[in-house]
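Asks: Let's have the full structure, built from the sequences with the hints guiding it.
These protein sequence lines are chains A and B, in that order. Note that the first sequence covers residues 504 to 611 in the working numbering. Note that the second sequence covers residues 23 to 139 in the working numbering.
Derived from the structure by calculation, the hints contain no laboratory data. Some hints here could point you the wrong way.
For lysine-lysine, the following BS3-like pairs were computed, each having C-alpha atoms within a straight-line distance of at most 27 Å [claimed, not checked]:
no., chain 1, residue 1, chain 2, residue 2
1, A, Lys542, B, Lys65
2, B, Lys65, A, Lys611
3, B, Lys65, A, Lys553
4, B, Lys98, A, Lys553
5, A, Lys542, B, Lys122
6, B, Lys65, A, Lys545
7, B, Lys87, B, Lys98
These numbers come from a predicted model, not from an experiment.
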Amino acid sequence: DIQMTQSPSTLSASVGDRVTITCRASQSINNWLAWYQQKPGKAPNLLIYKTSTLESGVPSRFSGSGSGTEFTLTINCLQPDDFATYYCQQYNSYSLFTFGPGTKVDIK
Amino acid sequence: EVQLVESGGGLAQPGGSLRLSCAASGFTFSDYWMSWVRQAPGKGLEWVANIKPDGSEKYYADSVKGRFTISRDNAKNSLYLDMKYLGADDTAVYSCARAKLGDFDYWGQGNLVTVSS
Numbered sequence: 504d505i506q507m508t509q510s511p512s513t514l515s516a517s518v519g520d521r522v523t524i525t526c527r528a529s530q531s532i533n534n535w536l537a538w539y540q541q542k543p544g545k546a547p548n549l550l551i552y553k554t555s556t557l558e559s560g561v562p563s564r565f566s567g568s569g570s571g572t573e574f575t576l577t578i579n580c581l582q583p584d585d586f587a588t589y590y591c592q593q594y595n596s597y598s599l600f601t602f603g604p605g606t607k608v609d610i611k
Numbered sequence: 023e024v025q026l027v028e029s030g031g032g033l034a035q036p037g038g039s040l041r042l043s044c045a046a047s048g049f050t051f052s053d054y055w056m057s058w059v060r061q062a063p064g065k066g067l068e069w070v071a072n073i074k075p076d077g078s079e080k081y082y083a084d085s086v087k088g089r090f091t092i093s094r095d096n097a098k099n100s101l102y103l104d105m106k107y108l109g110a111d112d113t114a115v116y117s118c119a120r121a122k123l124g125d126f127d128y129w130g131q132g133n134l135v136t137v138s139s
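Replies: Next comes the structure, spelled out in structure tokens:
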């Protein structure tokens, strides 16, 4: 099975900060990695897919990078609306998808 | 507009069964893999199951394998999740989601399943 880890688990930041979240896979996932933002009581919102492709309608301050087993989500100039929990997800094979444990971005 | 609307959640007894439904609209349902994802209260996201567009392939998380069955009716634009032998660990909000390339671009609003006596 492919395991996903995320770091940090919680991140305290201020409006205007640059924030980076790391996601690691236990084996190569061929860049089949997505990032989601979730706010309390709401469905997750797809931000990035295939490691670095921005989903339509997502602000350009969000970006994704990485390869192999290490991936990052970067938020440039953090906005008040960005305080949320972020999840990575690998989808290397339809036989098994895995989410990371999440990173909560809260206000410093 | 793409819409996914779940129904069928609620309270189930330990060891009991429940069926979730997801009504899809606004896209060609039969073109897409579909999935169920759950989230236990205060916890993270957990993938549950995938089903191929024609229903010929189905995959499950180990935590539900042998107890849950994913199915679809393309004529009715509907996705289902039959859950048996439910336990407390199955208490969660269950959401259906459209798998674009495996990433989930549309989600339902979620349906709470509570397993308790």
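Asks: If a hint holds in the structure, say so; if it doesn't, say that too.
Replies: Hints, one by one, checked against the model:
Distance restraint check for Lys542 (chain A) and Lys65 (chain B): the Cα-Cα separation of roughly 13 Å lies within the 27 Å cut-off, and the hinted pair is therefore satisfied. Restraint check for Lys65 (chain B) and Lys611 (chain A): satisfied, since their Cα atoms lie roughly 22 Å apart, inside the 27 Å limit. Simply put, Lys65 (chain B) and Lys553 (chain A) have alpha-carbon atoms about 25 Å apart, close enough for the 27 Å limit, and the pair holds. This hinted pair does not check out: Lys98 (chain B) and Lys553 (chain A) have alpha carbons roughly 31 Å apart, beyond 27 Å.
Distance restraint check for Lys542 (chain A) and Lys122 (chain B): the Cα-Cα separation of roughly 22 Å lies within the 27 Å cut-off, and the hinted pair is therefore satisfied. Between Lys65 (chain B) and Lys545 (chain A), the direct Cα distance comes to roughly 13 Å. Compliance with the 27 Å bound is thereby established for this hinted pair. At roughly 26 Å between alpha-carbon atoms, Lys87 (chain B) and Lys98 (chain B) fall within 27 Å of each other, so this suggested pair holds.
The structure does not agree with numbered hint 4 stated previously, though it agrees with all others.
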